[in-house]
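*Asks:* These are the residues of each chain, in order.
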Amino acid sequence: MTEKTPVPVFPSEFVDLDPFADWALGTEAERYAKRLSSTMDQLQALYDAAFPRLEAILAYLDGLELNSLPLEATRLLWLAYSLVNASFPVEVWRQPRVPDSGAASMEAVIEPAV
Amino acid sequence: MPHFEKPAEGSWTEHYPELGTGPVSYEDSISPEHYELERKAIFARTWLNVGRVEELARPGSYFTRELQAAGTSVIVVRGIDGQVRAFHNVCRHRGNKLVWHDYPREETSGVCRQFTCKYHGWRYDLQGACTFVQQEPEFFDLDKSRYGLVPVQCEVWEGFIWVNIDPANTTSVVDYLGEFGAGITGYPFDKMTQVYRYRAVVGSNWKLFIDAFAEFYHAPILHARQSVAEESRKLQGIGYEALAYQIDGPHGMVSSWGGMSPPKDINMVKPIEQKLHSGLFGPWDRPGIEGLDPLPPALNPARSPAWGLDSFVFFPNFMLLIWSTGWYLTYHYWPTSYNTHIFEGTLYFVPPANATERLRQELAAVTFKEYALQDGNTLEATQMMLETRAVTMFPLNDQEILLRHLHRTAREYVSALDSDPTNPYTPVPVPAVS
Numbered sequence: 270m271t272e273k274t275p276v277p278v279f280p281s282e283f284v285d286l287d288p289f290a291d292w293a294l295g296t297e298a299e300r301y302a303k304r305l306s307s308t309m310d311q312l313q314a315l316y317d318a319a320f321p322r323l324e325a326i327l328a329y330l331d332g333l334e335l336n337s338l339p340l341e342a343t344r345l346l347w348l349a350y351s352l353v354n355a356s357f358p359v360e361v362w363r364q365p366r367v368p369d370s371g372a373a374s375m376e377a378v379i380e381p382a383v
Numbered sequence: 315m316p317h318f319e320k321p322a323e324g325s326w327t328e329h330y331p332e333l334g335t336g337p338v339s340y341e342d343s344i345s346p347e348h349y350e351l352e353r354k355a356i357f358a359r360t361w362l363n364v365g366r367v368e369e370l371a372r373p374g375s376y377f378t379r380e381l382q383a384a385g386t387s388v389i390v391v392r393g394i395d396g397q398v399r400a401f402h403n404v405c406r407h408r409g410n411k412l413v414w415h416d417y418p419r420e421e422t423s424g425v426c427r428q429f430t431c432k433y434h435g436w437r438y439d440l441q442g443a444c445t446f447v448q449q450e451p452e453f454f455d456l457d458k459s460r461y462g463l464v465p466v467q468c469e470v471w472e473g474f475i476w477v478n479i480d481p482a483n484t485t486s487v488v489d490y491l492g493e494f495g496a497g498i499t500g501y502p503f504d505k506m507t508q509v510y511r512y513r514a515v516v517g518s519n520w521k522l523f524i525d526a527f528a529e530f531y532h533a534p535i536l537h538a539r540q541s542v543a544e545e546s547r548k549l550q551g552i553g554y555e556a557l558a559y560q561i562d563g564p565h566g567m568v569s570s571w572g573g574m575s576p577p578k579d580i581n582m583v584k585p586i587e588q589k590l591h592s593g594l595f596g597p598w599d600r601p602g603i604e605g606l607d608p609l610p611p612a613l614n615p616a617r618s619p620a621w622g623l624d625s626f627v628f629f630p631n632f633m634l635l636i637w638s639t640g641w642y643l644t645y646h647y648w649p650t651s652y653n654t655h656i657f658e659g660t661l662y663f664v665p666p667a668n669a670t671e672r673l674r675q676e677l678a679a680v681t682f683k684e685y686a687l688q689d690g691n692t693l694e695a696t697q698m699m700l701e702t703r704a705v706t707m708f709p710l711n712d713q714e715i716l717l718r719h720l721h722r723t724a725r726e727y728v729s730a731l732d733s734d735p736t737n738p739y740t741p742v743p744v745p746a747v748s
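Residue numbers (this note's numbering), protein chains in the order written: chain A, 270 to 383; chain B, 315 to 748.
So that you can see chain A by itself, here it is in the shape it has in the complex:
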């Protein structure tokens, strides 16, 4: 048996966010779908871990060129987008879905490349 060296998900300063690596999603559609398929406990856990780290995340990323971020930094930015998305269920709705939005959906058809 060979043991694999874990591939770093985020820049090394943010290893504490590794448990939330599956939130590093590159499109709004993926982030929104994950939000809807998560429980409130899962959304709260993401929020509780990432929100206190937001200032550090921004300070780190602001030191880099936005349009040529290394992959680990890009994943960190994606995680921050997921935090923004999850802030609505956590801070406002107390449920993953917008209340009274039923089957309504709104698809992101154009979004920034980064």
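Mixed in with the good hints there might be a few duds.
[Said to hold, decoys possible] Taking lysine to aspartate or glutamate and the DMTMM-like style, the derived pairs with C-alpha atoms no more than 20 Å apart in a straight line are:
#1 B:K589 <-> A:E324
#2 B:K589 <-> A:E299
#3 B:K578 <-> B:E555
No wet-lab data here; the hints were simulated from the structure.
Note that this is a predicted model, so its numbers are computed, not measured.
With chain A's structure known, arrange chain B on it following the hints.
*Replies:* Below, chain B without anything else, positioned relative to chain A:
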């Protein structure tokens, strides 16, 4: 006692006496027959905004737009000469849809040197001329020069691309957009090229969603929970009053206060907004570009220091929202039947210089979607009950003046169609089936 001064007549609505003040019928939003008349009288005749020049970055860039309400699909393309043109999306040979990808009913975009029909290989250059006919000698006296793509009137105003499928239309876009268009000319739209677009299929008549976005009377109630509790209670207690309303021909505008960008008290807003300095009204800091100070004269017509945004309803189906924080938003409502339409909301920002600016814009875009989902689903509930006709007349208040104006304008276009004997779209009587 109003918080903001109203016209001398005592109300915005009475300042435009032709609007009346009585209850309004919504039959125009629930009748399939009326919708068919609107298609012919409005969508087949007026200027329709179909996008921005940035979507056509270089010669050969094109996109298609499904104008179901106007009864056609158009190709919009930038020619070798740099000019933007539009054509009916139909091959001159046997009527196949010329530009589409996988699904004939879906829109597409790309870059090409010419258009080639998937069916028999006829080709057209970017100016619409027919350049190749497969097995040309098999045809009978075919003169290719007479088989170019059928042009659609197309004009660009401030980077916005407009089409008008009525060949008899002689009004330019600039004239059509009137005082509002003239009054916002020069706004730095061309600097705001970071784009988010959301699309939704909505189960209501197209005018109902314009209604929802043309009044903010609903905001303190429908969107109550999007504010922190104390702020929400305050907003409900105060209600909503605009700074100003204006009407010019078929178009209207509402000017609104801001107050949340930045908020007077940081505790008025949610933790994520406190942290990122952004929210529904956009990032709190205005971008450092030219053209935002002074603003073009039609913006903030009340010259209020509390100004937050101006929202223009360009008849029939295009809204333009310009925010004091230096970004803009467009809404398109594309009818697909009397009680369905496709809604598109597009946010335009100055490209972010760093991750912080990028994340502020992300929060504004995500917030927009949360609000729009609330608005959109309410519309289906409204459409459903309007269709029962259990209630047929509805009172509209002074803050709903633009709704009164929109429905009146749409009805007037339909009436004009009825009384125009030369109009090629006059419905042909269908013989009764025996």
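*Asks:* Are K589 of chain B and E299 of chain A close enough, with their CA atoms no more than 20 Å apart?
*Replies:* Violated, at about 24 Å.
*Asks:* Quickly compare the C-alpha distance for K578 of chain B and E555 of chain B to 20 Å and report which way the hint goes.
*Replies:* Judged against 20 Å, a Cα distance of about 19 Å means the pair holds.
*Asks:* Hinted pair, alpha-carbon criterion (20 Å max): K589 of chain B, E324 of chain A. Please report holds or violated.
*Replies:* 8 Å, holds
Hint check: a violation occurs at hint 2 only; the rest are consistent with the structure.
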